[in-house]
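Here's the letter readout for the chains.
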Amino acid sequence: MLICCVLSGLASYAQTVANVDVSISMPSVALVDILPSGSNSVTLQMTAPTEAGNTVGTGSSNNTNWLIFTSAVTSGGSRSIKGDVVGTLPTGIRLRLDVSAYVGSGLGFTGGNSYVTANKYLTNTPVSFIDNIKGAYTGITYGSNGFQLTYSLEIQDYANIRSGTSNVTVRYTMADN
Amino acid sequence: MKYIIAFCIASLTALAASAQTISINSGTTWSIPSLSSTITKAGKNYEHIETSGASQTLLKVNALIAWSITAHLSATSNWDSSLKLSVQRTGNGTGIAILTGGTTYIQLTSTPQAFFSGLLNLTANRDNIPIQYKIEGLSVMLPVKTYTTTVTYTISGL
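As you go down the protein sequences, you meet chains A and B in turn.
Residue 59 in this note's numbering sits at position 59 of the first sequence, and the numbers go up by one each step.
With the second sequence counted from 1, adding 1000 to any position gets you this note's numbering.
Among the hints, erroneous ones may be present.
Here are some of the chain B residues that sit facing chain A, going by a computed Cβ distance under 7 Å [claimed, not checked]:
#	residue
1	I1032
2	K1084
3	I1098
4	Y1153
5	G1157
These are calculated hints, taken from the structure and not from any lab test.
Bear in mind the structure is a predicted one, so any value in this text is a computation, not a measurement.
The beta carbon of each residue, even a glycine, is placed where N, CA and C say it ideally should be.
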């Protein structure tokens, strides 16, 4: 009987537990924006030659805009940022976009993630300029966080060049791959 | 005579040990189906901490003399270590036991840690001990999905 009591005591000495279930849902995020130095309008122009027989001068460029974004995706998912032109570019002229490599204190830009593609020209068809975007955020400080954008004009077909002014909009879209 | 004394000691031991339990009066779950704050500006990451109500969970302890409670994460296969889940005791509840510790957040891991302890329950319940939770480390770097884990409270002592 004594042994039974002792065993009973030891058995019931076992620890007891209580459980609480915790869950948190992390949502999808896709935000993209342009940080301008002032206005996000960009003015580019080709320089007219001053002497007969000379070529049209090199067009001006502008690098005052920075692209920033935040992305959260599912495991295995990725996105790209595509750019296209809304409106009609002057004939014979190409609008070139050079996207600099990422700089800043954000995360998600190493190991082949959020890399700048080889695409160089903006047209009416969206093309990817930054690809394989997974979880990432650029930071928001102008001039030190994000991708610096440089716009410039190039002659595509000299025979089609006409004088005049055109206004177009460059549109950036973050899309699922 | 010595058999009688031994019998009494064994019986008291059994009685004391069998009286030691922990249970949950309310708040067996803390669910965050949508975050309390969203990112509204491109380029930013989350900057907030998710915090439960101060009495998210109410614990009930039944013990005799001296006891202690540990807390740990017992299910982490669908959790991410960058999500830092912490708990704290925000009050004493009701009862006569003297409670010590647990009034500041401790970050939970899969290893049991001392949470708080009590003295002299004398078979009376220490009831409705309020527990609060918080989750830090929210980031867009975490894959989009629902993360789940289980907080396990374990009581030991007499």
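Q) Which hint numbers does the structure go against, in order from smallest to largest? A) 2, 3, 5
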